[in-house]
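Student: This is what each chain is made of:
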Amino acid sequence: MVSVCFYFQVHQPFRLRTDYNFFCIGKNHVYEDDKANREIIGKVAEKCYLPANRTMLKLIRKHKGRFRISYSISGVCLEQFEKYAPEVIDSFRELVSTGCVELINETYYHSLAFNFSRQEFREQVQAHKEKIRKLFAVKTTTFRNTELIYSNDVAVEIEKMGYKTILAEGANQILGWHSPNYVYQPAPCYKLNLLLKNYRLSDDLAFRFSDRNWDQWPLSADKYAEWIHKVAGNGEVINLFMDYETFGEHQWADTGIFDFLLHLPEKILAHPDFRFQTPSEVASSYQPVAKLDVPYFISWADVERDLTAWMGNSLQDSALQMAYSLETLVKKSGNANLIHTWRKLLTSDHFYYMCTKWFSDGDVHKYFNPYTSPYDAYVVYVNVLNDIKETLKQLEVLN
Amino acid sequence: MKVLMFGWEFPPYISGGLGTACFGLTRHMSDQGTNILFVLPHIKDEPVEDSFLELVAANKVDISDAKIKKIARGEPLKFFMVNSPLRPYMTDNSYLSKLDAIRSINERISKITHRKITPYSVLDTSGEYGRDLLTEVSRYAYIGGYLGATEDFDIIHAHDWMTFPAGVEAKKASGKKLVIHVHATEFDRSGDNVNQQVYDIERYGMENADRIIAVSHRTKNIIVEHYDQDPEKIIVIHNAVIKEEKLAHVRSRKGFSEKIVLFLGRVTMQKGPDYFIEAANLVLNSMQNVRFVMAGTGDMLPRMIERVAELRMQDHFHFTGFLRGVDLETMFSMSDLYVMPSVSEPFGITPFEAMLYGIPVIISKQSGISEVLTHVMMVDFWDIEKLASCIINVLRHPELAETLVESGHNDLEKISWHHAARDVINLYKEMLG
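In the order they appear, the protein sequences are chains A and B. Residue numbers for the first sequence follow this note's numbering, beginning at 1 and rising by one. Residue numbers for the second sequence follow this note's numbering, beginning at 1 and rising by one.
One thing to keep in mind: the hints can contain errors.
Below, a sample of chain B positions facing chain A; criterion: calculated Cβ distance under 10 Å [stated by the list, open to error]: (1) R312; (2) M331; (3) W382.
Cross-link-like lysine-lysine pairs, in silico, DSSO-like; alpha carbons within 27 Å at most [unchecked claim]: (4) B:K429 x B:K2; (5) A:K331 x A:K134; (6) B:K254 x A:K332; (7) B:K254 x A:K393; (8) B:K254 x A:K27; (9) A:K393 x B:K429.
Pairwise CB distance ranges, derived in the manner of DEER restraints [unchecked claim]: (10) A:N28 x B:D228: 53 to 59 Å; (11) B:G325 x A:K393: 27 to 33 Å; (12) A:N28 x B:L432: 43 to 49 Å; (13) A:K393 x B:N193: 41 to 47 Å.
If you are wondering where the hints come from, they were derived from the structure by calculation, not from laboratory data. Even glycine gets a Cβ: it sits at the ideal position worked out from N, Cα and C.
Taking the hints into account, I'd like the entire structure generated from these sequences.
Tutor: If you want it as structure tokens, here you go:
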């Protein structure tokens with residue numbers, strides 16, 4: 001049997017006010033643009049989350065348990081749903097209650113914490129686990145790090161924390177001649193299973209679906225199922241990992257993406273050797289075929305599949321350094337509000353907006369980017385951190 | 001006496017000291033009985049608050065092709081018709097293309113997301129004029145000729161290179177005398193990378209002028225040395241400051257205890273923002289209770305932000321973008337020290353403004369304003385160690401700061417637009433015999 005494994009990422013950051021200027025420092029502690037955040041959540045819920053969830057539910061019911069999918073919904077996104085669009089939470093609850101949906105664990109704040117503070121990383125993973133348990137009454141056993149950032153070290157940490165499965169990008173630089181269509185084991189691990197994104201088939205939907213210059217456009221469910229079926233005999237699992245916003249937001253409804261989705265499962269299931277499974281089901285159905293050594297960090301971002309979308313330029317490094325330098329003091333304050341506010345500033349998007357790799361990937365970086373330039377993103381972000389620092393002084397944690 | 005005056009910017013549409021200087025000068029000239037018809041390109045739709053002079057927006061002048069032909073009876077000014085994405089205060093084209101890229105990307109995305117372009121950016125240059133500058137200069141010159149032929153006046157006065165061709169056209173059309181007023185030269189703006197087209201226009205203006213006003217002896221020397229003009233033709237009239245415009249010395253409440261060292265001006269090579277940053281870095285090595293602010297925008301801003309990030313000064317160095325109105329006043333009133341490290345400053349009016357707020361100032365020796373300030377801290381722009389130690393001294397010794405403020409006030413007592421306006425009017429009288 002070959003398993004098709006869908007995982008959808010659901011995330012929206014708490015965007016900052018673009019007018020948080022120098023004069024605000026020490027005086028004004030309102031950092032977030034409530035209006036913009038409410039509008040974006042409302043808009044994406046209407047265009048993507050709600051109609052996509054309805055489609056998924058329809059498919060799950062239609063195929064009577066044979067269509068199975070998984071989601072990772074960041075903690076900051078769940079919070080915004082609760083605040084601005086609770087009907088989205090209800091709709092996810094309904095999906096989870098079918099028993100055909102697995103929820104995946106990540107860092108609550110969709111942060112880069114693993115790269116800067118192991119302690120903070122563990123706390124955020126735990127916080128997300130709790131949030132999922134509270135909202136959906138399920139226990140998570142699969143982990144994906146922010147933006148599929150992954151290395152041997154991430155795997156070791158995650159195995160220690162008791163997870164059974166971890167997701168990563170099937171990047172060329174780590175796979176070499178290996179195929180992404182098998183279960184692997186991280187080189188230093190003994191129990192953890194590693195699932196790798198089949199980026200060609202994933203990106204056919206996420207990026208190329210509506211591209212009229214693509215020689216395969218228009219993509220039909222029949223054609224795509226045919227490509228999937230070609231894996232029969234030389235693979236065991238096809239991991240289709242993508243942003244959930246692919247449905248209705250990155251690819252608008254008028255591209256036909258929902259119709260495509262509505263017909264895809266039956267086309268795939270038409271082949272008797274194919275089935276849908278969630279990540280944890282895949283991990284318990286197949287044995288790892290090999291150990292995979294990933295000594296350096298990879299991610300699913302940009303053409304480089306590395307960390308340069310969030311760190312490496314001086315703006316990002318300066319901002320990251322200051323953000324994480326406040327960890328001890330912020331926690332020492334014991335002020336739950338302040339800790340939460342600081343943690344929301346760790347969300348990777350803030351650093352993504354500071355990326356200066358303009359021309360190749362700039363377009364993707366601009367998606368719902370509130371800033372005119374990476375320099376503005378930096379100036380606003382650093383102003384906010386300076387205010388946090390002033391708050392710490394006022395609380396007499398810092399002198 | 002009636003003057004046909006050509007300017008490039010005027011409050012509230014200003015990006016630099018030129019507008020401020022024109023405002024101060026013309027106000028006092030009109031107080032002293034001079035009628036001024038001030039011509040300005042691209043005036044925006046907002047009403048102008050100060051109506052002591054008649055403002056004419058060049059793009060509002062009704063001027064048909066026939067009329068243009070009629071007045072442009074002389075030879076066309078060929079060298080103006082050059083396609084060049086130049087702006088009054090911009091020199092670095094890579095920045096322009098970066099900014100364009102930023103804008104075009106932003107526009108595309110805002111189309112997709114139906115979101116309006118964010119109204120605020122530290123890189124915002126909306127205080128400045130359109131991009132195809134030489135074409136504008138040329139268009140403006142035709143309008144200058146038209147006004148020269150149709151308006152009634154005694155003398156023509158043109159401020160800085162962009163308006164020189166307009167002044168010359170008006171002179172040709174009317175036969176009246178022309179004064180050109182040099183607030184800055186291409187050598188100040190661009191250092192060694194002089195734009196030949198701009199230089200040519202400057203020189204053309206100087207050659208065709210009957211008299212030249214330079215804002216400092218420093219500028220006069222440049223005009224003599226680099227533009228080969230007769231020293232006798234040049235008169236130095238220093239800029240001044242509008243004193244009654246300022247608020248009382250109220251200190252705005254700061255949200256933090258650190259002292260503020262301010263750089264305020266265009267972030268361009270001419271203004272030496274990079275020396276300010278390097279000096280700040282040295283200061284932070286020996287004291288921490290200070291914050292540096294760079295207020296303004298310009299072609300060097302992205303690089304300056306990157307440099308501050310590189311030096312990891314993010315918790316002591318801030319950028320505000322271009323400030324106007326209340327924000328500008330607040331910025332001055334919050335500050336404890338103003339630094340103008342200009343590499344080449346024909347005059348430099350901002351230190352005056354800082355002094356009016358009771359802020360001590362440090363200026364570079366390479367500025368015209370140093371000719372009229374006798375009790376002020378001066379350093380060579382390139383001497384960042386000296387600049388850093390001056391900053392530390394002023395911040396650490398309040399009595400020194402106080403002395404600087406007091407002696408600055410004494411200097412200011414003697415400086416007034418009234419005198420400058422009188423000198424300009426006397427020049428007119430001398431010329432009209």
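Student: The structure should be examined with respect to each hint, and the outcome stated for every one.
Tutor: Do the hints match the structure? See the list:
1. R312: With Cβ-Cβ at 6 Å, under 10 Å, it holds.
2. M331: It holds, given that the least Cβ distance between B:M331 and chain A is near 8 Å, below 10 Å.
3. W382: Hint on B:W382: violated, closest Cβ of chain A at ~24 Å, above 10 Å.
4. B:K429 x B:K2: 12 Å, holds
5. A:K331 x A:K134: 24 Å, holds
6. B:K254 x A:K332: Given pair B:K254, A:K332 holds - Cα atoms ~26 Å apart, limit 27 Å.
7. B:K254 x A:K393: 14 Å, holds
8. B:K254 x A:K27: OK: B:K254 and A:K27 at ~8 Å, within 27 Å.
9. A:K393 x B:K429: 64 Å, violated
10. A:N28 x B:D228: 53 to 59 Å: 56 Å, holds
11. B:G325 x A:K393: 27 to 33 Å: 30 Å, holds
12. A:N28 x B:L432: 43 to 49 Å: Roughly 58 Å apart at Cβ, these two residues miss the hinted range, so it is violated.
13. A:K393 x B:N193: 41 to 47 Å: 45 Å, holds
The structure does not agree with the numbered hints 3, 9 and 12 stated previously, though it agrees with the rest.
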